[in-house]
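Peer 1: Line order of the protein sequences matches chains E and R. Per my numbering, the very first residue in the first sequence carries number -8; after that it's consecutive. Per my numbering, the very first residue in the second sequence carries number 807; after that it's consecutive.
Keep in mind the hints are simulated off the structure, nothing from the lab.
Quick list of simulated restraints, FRET-style, between CB atoms:
| hint | chain 1 | residue 1 | chain 2 | residue 2 | range |
| --- | --- | --- | --- | --- | --- |
| 1 | R | LEU858 | E | ASN259 | 37 to 43 Å |
| 2 | R | VAL841 | E | TYR234 | 48 to 54 Å |
| 3 | R | THR938 | E | PRO413 | 56 to 62 Å |
Where chain R lies over chain E, by a calculated footprint (3+ residues, C-beta under 8 Å):
| hint | stretch |
| --- | --- |
| 4 | 177 to 185 |
| 5 | 276 to 283 |
| 6 | 347 to 359 |
Each residue gets a CB set at the ideal place from its N, CA and C atoms; glycine is no exception.
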Amino acid sequence: MSDHESTYVPKTGVEKWLDTRLPIVRFGADYMSLPTPKNLNYWYTFGGILALCLMIQIVTGIVLAMHYVPNTAMAFESVERIMRDVNGGWLVRYVHANGASMFFIAVYLHMLRGLYYGSYKAPREMIWIVGCVIFFLMIATAFLGYVLPWGQMSFWGAEVITNLIGAVPVVGEPILIWLRGGPSIDNATLNRFFSLHYLLPFVIAGCVVLHLWALHHAGQNNPVGILIPKDRQAKDTVPFHPYYTVKDGFAIILFLIMFAYFVFFNPNALGHADNYIPANPLVTPAHIVPEWYMLPFYAILRAIPDKFGGVVAMFGAIAVLFVIPWLDTSKVRSMRYRPQMRTFFLIFLVVCFGLGWCGGQLPDAHVIGDFDTFILIDGDLNSYLWLTRLLTAYYFIFFLVLMPLVGLREKPLPIPASISEPVLSPRIPDAAETPKAV
Amino acid sequence: MAEQVVTHDGEGGDDATRRDFIHIAAGAAAAGAGVMAAWPLINSMNPAADTLALSTVEFDMSKVQEGQQVVIQWQGKPVFVRYRTEREVQEAADTPLSDLKDPQTDAERVKEGHQQYLVVVGSCTHLGCVPTFGTGDFGGWFCPCHGSHYDTSGRIRKGPAPLNLAVPEYEYLSDTSIRIG
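Next comes chain E alone, as it looks inside the complex:
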């Protein structure tokens, strides 16, 4: 699939002239004609959707930066001015704000797709790792952006997140002061966060180029999870254009319909009301909650009754993603042929939603109404604190224990020899058949 022969033939005089000097048209043509597995389903459309999300954020972001003032005295009012006075400013701001949420919806589905179909396994480790870098940069960028309106959530989010670094022993405190540019979150902090929020999306764009380069070199994975043999290339692949440009295009339209629903009919549903209150350095709002896409990680942080331990667990929850290619011992890529792992994956899915849910609740609140249990160590057993701890444990067990262990012990279902076989052959191979090499 990778490094396919160039089929581009320059036709016009201008193309011929250009092709011998800067073969940029050839580059684009080869890119669009890339042989792509023909069994890709709609879970494979989120890459295109994410590329669109990045472009929407960059374009709306540049427009917003033309009206926004990164100074504590004017930041909040300048955003209100965008909402009231700038032509279509309300639209651009709501698209940018909801765009971040849409970006995260898409990236989580994109990652879960990769997890399910084993898209991180050899020879695609670098695609996965660069993807993890992009995810981390996305979190950082979204955090920096949320600070800019200088509302209550902005301020206290900045306070808490910068303090995470302050939790590191010895070097934490000087780094914290360096990051803030002073003893507390203030104008110096806001001013540099604006600069970095502008910079990071372009770093992300650079990483996306590496992500695609790695993808095109190692070749696209597919729901069956097998490498396409050289001699089956012609039968099992189709050119990317027009087949997948149209399929991605259709998915993008559906995605934009959902996007538009939020922007036009429910623009504040995914935000927090307290960020419409200007930042007050003397009062933390009683109902402070992070953005929804951070909730699972926030829940993990809060579950650990130790400052540095909590920070380590939270960053560990992201760091563990980087080493998944080496934690998964199974030779079979797609979970379609891994019945046991599929069950654990579905539980993992529920756990992720559960962590997000717990992150939105008070830690001491009861999970089951008035049901009284007993105090275990430092909290009621029937509290979100203990539910979160349980879910956090599964999150790490899934990656650190189940992935290596199940891979070695489970007996996978028979894997088809080619991606057209499960479609074309009427006979379902019996389970006793040994799995074919992948």
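The hints should help you fit chain R onto chain E, whose structure is shown.
Peer 2: Below, chain R without anything else, positioned relative to chain E:
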């Protein structure tokens, strides 16, 4: 006189040659220049001179009524000045040190003769939010960010915060006024 053959590419022994020296010197100079170029860029993000002009704050204690708390701003952070009731002072003094995660007696946290006034930096020692007054399981403060509880002496009793609310440096200028910082 012993002869030693030294060719231009360094053949002639295991000794370091002039060329090796030039490589190391050039490499070291480049690395040094790189560090010297990077440092001002990094250092520019450290607190600026106007920020470093740290302030002191004076406060008239007669503004606080019994059972009340006044919040003042000092170096961008909130400072709680709390006029504790007799019962709260008693509670704080009666707490056995074995109950505390960060053991400190109440007397170590207030000034002699002014036990009723508690002056602490109002930043949760976990991740820096401002705890809310008079709430939580110990009658002191409760931090809404990750659920830490502090007692009437501002000591950590429950939750992820590791330390007691910090007592800033301050002194009584007269019977009713203090200077913080």
